[in-house]
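Undergrad: Listed below are the residues making up each chain.
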Amino acid sequence: MSELSSTPTILLVDDEEMVVNSIKSFFAIESDYKLVTYTSPQKALEDIERNHRSIDLVISDYLMPEMDGITFLAKVKEKLPMVPRILLTGYADKENAIKAINNVGLYQYIEKPWDNEDLKLIIRNGLEKNVLLKQLEAKIREVERAQRELSEVQKDILRVFA
Amino acid sequence: MSKKTQEGELTPQSIQADKMAALGLLVAGVAHEINTPMGAIHSNNDNMRRAVAKIRKLLGPQEQEVERLFDIVDEVCRNNEAATERIMKIVHSLKNFARLDEAERKEVDIHEGIESTLTLVQHQLKNRIRVEKQFADLPEIQCHPIQLNQVFMNILVNAAHAIPDQGTITIKTLKEGGNVKVVIGDTGVGIPQEHLSKIFDPGFTTKGVGLGTGLGLSICYKIVQDHNGKIEVESSSAGTIFTITLPIKDA
Chain R
1 MSELSSTPTI LLVDDEEMVV NSIKSFFAIE SDYKLVTYTS PQKALEDIER NHRSIDLVIS
61 DYLMPEMDGI TFLAKVKEKL PMVPRILLTG YADKENAIKA INNVGLYQYI EKPWDNEDLK
121 LIIRNGLEKN VLLKQLEAKI REVERAQREL SEVQKDILRV FA
Chain U
1 MSKKTQEGEL TPQSIQADKM AALGLLVAGV AHEINTPMGA IHSNNDNMRR AVAKIRKLLG
61 PQEQEVERLF DIVDEVCRNN EAATERIMKI VHSLKNFARL DEAERKEVDI HEGIESTLTL
121 VQHQLKNRIR VEKQFADLPE IQCHPIQLNQ VFMNILVNAA HAIPDQGTIT IKTLKEGGNV
181 KVVIGDTGVG IPQEHLSKIF DPGFTTKGVG LGTGLGLSIC YKIVQDHNGK IEVESSSAGT
241 IFTITLPIKD A
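Taken in order, these protein sequences are the chains called R and U.
Be aware that the first sequence starts at 1, since it is given in this note's numbering, and climbs by one per residue.
Be aware that the second sequence starts at 1, since it is given in this note's numbering, and climbs by one per residue.
Next up, chain R with everything else stripped away, as it sits in the complex:
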C-alpha cells in the first residue's frame, strides 16, 4: 500500500454546507486525507477539468439543484474512470436510487444520516481498491510488454531456423 501513505485527495460535493462542514470536521479529527469540497457539482467538474487534479475518491450527494448526484458522478466517470465514486443520499426512494447506481457503476451507496465510522471504513476500502486496481493495471502492462518481447524473440528464433 505504498501509494496510500502519500496523502490521498478526496472530492466531496453536497449542496448543503452543514453536511460538507461536518464531514470536513470528521476528516480533520480522524484522518490525514486532503479534502476538497464543493457545494456546486458544476464548480467541482470545472475544478477537475481546469486543475487536472489528482483525485483518489469522489463522494457526492444525490439531490442537488444543479444536477443530481448520479448525473454528476457519470460525468466524473468520463473524466476520471478509475476513481471510486460514492453516493451519499437522504433520498427515500431506494429502489430507483439503486437502479441508477447500477447504471453509473458506483463503488458504494451510503444513506443519510450516515455513521462516521462506516464512512471512514468505506473510504479506506475504496482507496485501497483504487491502489490495487492501479497496481493491477501496471502488472497487466508489464505482462503485455513481456509478451511482446517474447513474441519478438520467438520471431527471431523462427527466422534463424527458417
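A hint or two may mislead.
What the hints assert, rightly or not - Straight-line C-alpha distance at most 30 angstroms; calculated BS3-like pairs for lysine-lysine:
{"id": "1", "chain 1": "U", "residue 1": "K89", "chain 2": "R", "residue 2": "K99"}
{"id": "2", "chain 1": "R", "residue 1": "K34", "chain 2": "U", "residue 2": "K54"}
{"id": "3", "chain 1": "R", "residue 1": "K120", "chain 2": "R", "residue 2": "K155"}
{"id": "4", "chain 1": "R", "residue 1": "K120", "chain 2": "U", "residue 2": "K249"}
{"id": "5", "chain 1": "R", "residue 1": "K99", "chain 2": "U", "residue 2": "K106"}
{"id": "6", "chain 1": "R", "residue 1": "K99", "chain 2": "U", "residue 2": "K249"}
{"id": "7", "chain 1": "R", "residue 1": "K24", "chain 2": "U", "residue 2": "K54"}
{"id": "8", "chain 1": "U", "residue 1": "K57", "chain 2": "R", "residue 2": "K24"}
Quick caveat, the hints were computed from the structure, so don't treat them as lab data.
Given the coordinates of chain R, work out where chain U should sit on it, guided by the hints.
TA: Same frame as chain R, now just chain U:
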C-alpha cells in the same frame, strides 16, 4: 388510485387509499428533508465526542473541576446520540410504514410492519402500556404491506384507547396451515356485547364526534377481505382480542 362505484361515487375505502398515497409522498419528502440535517447533527456530535477524547488525552490528568466539565461534555454527547438515534428510528419507521417504493403487492415479513407501526404509535403507549410480543418464525406473506400496516395501526390505536390507565397489549403471531395469524389482545375495558356485531360496519363509532372516524375498523375489514383473509374479534370486561388470519400465498 380511487376505485369508484358503478355510480361513480368515491367509497370511504377509496378516499382512504388516496389519503394513504398522499401520505406516502409526504413521508418521502419529509424523510429526505430530515435526513440531511440529521446526518449533520449525528456526525457532528460524533466529531465533538472524538475531539474531546483527543483533548483529554493530550492534556493528561487535570484538576477536578476540569475533569468534571469534560465528563459533562461526554454526557451531553451521549444524550445527543440517544436523541438522534430516536429520531432516526422514527424516520426509518415512517419510511417503512409508508413503504414508498412498493405500491403493489409483494412478499414481506409482517413482523417488520408490526415493529414499524409500534414505533409510530409509541407516543400513545408511553410508559402506560406494556407491549408483549410473541412472534413465531413466519414465512414472508404475499400482501399489500402499506394496507396491512394500516390495519395494525388501527387496532393498536384502538387498544391504546381502550386501556384507561396501565395495561398490556399482547401481539402474538403464529403459522397455521397455509395461513399466518396475528393476534392482538389488550387488557382494556372491552367492547359491549351489543356492539360487537357492528364494529366492522362503516360509520359505527362509540367514540363520539371528533374522536373516532367510525371508518377505521370497517376499512380494516375491507383490507383483510381484499387479502382473502379474515378478521375476528372477541371481547369481555377483561379486554379485547382481534385475530387477523391471512393466507401466505394469496389466491
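Undergrad: Hint by hint, note whether the structure agrees.
TA: Checked hints:
1. K89/U x K99/R: Cα-Cα ~25 angstroms, so holds.
2. K34/R x K54/U: 20 angstroms, holds
3. K120/R x K155/R: With Cα atoms ~52 angstroms apart, K120/R and K155/R exceed 30 angstroms; violated.
4. K120/R x K249/U: 43 angstroms, violated
5. K99/R x K106/U: 19 angstroms, holds
6. K99/R x K249/U: 28 angstroms, holds
7. K24/R x K54/U: 17 angstroms, holds
8. K57/U x K24/R: 22 angstroms, holds
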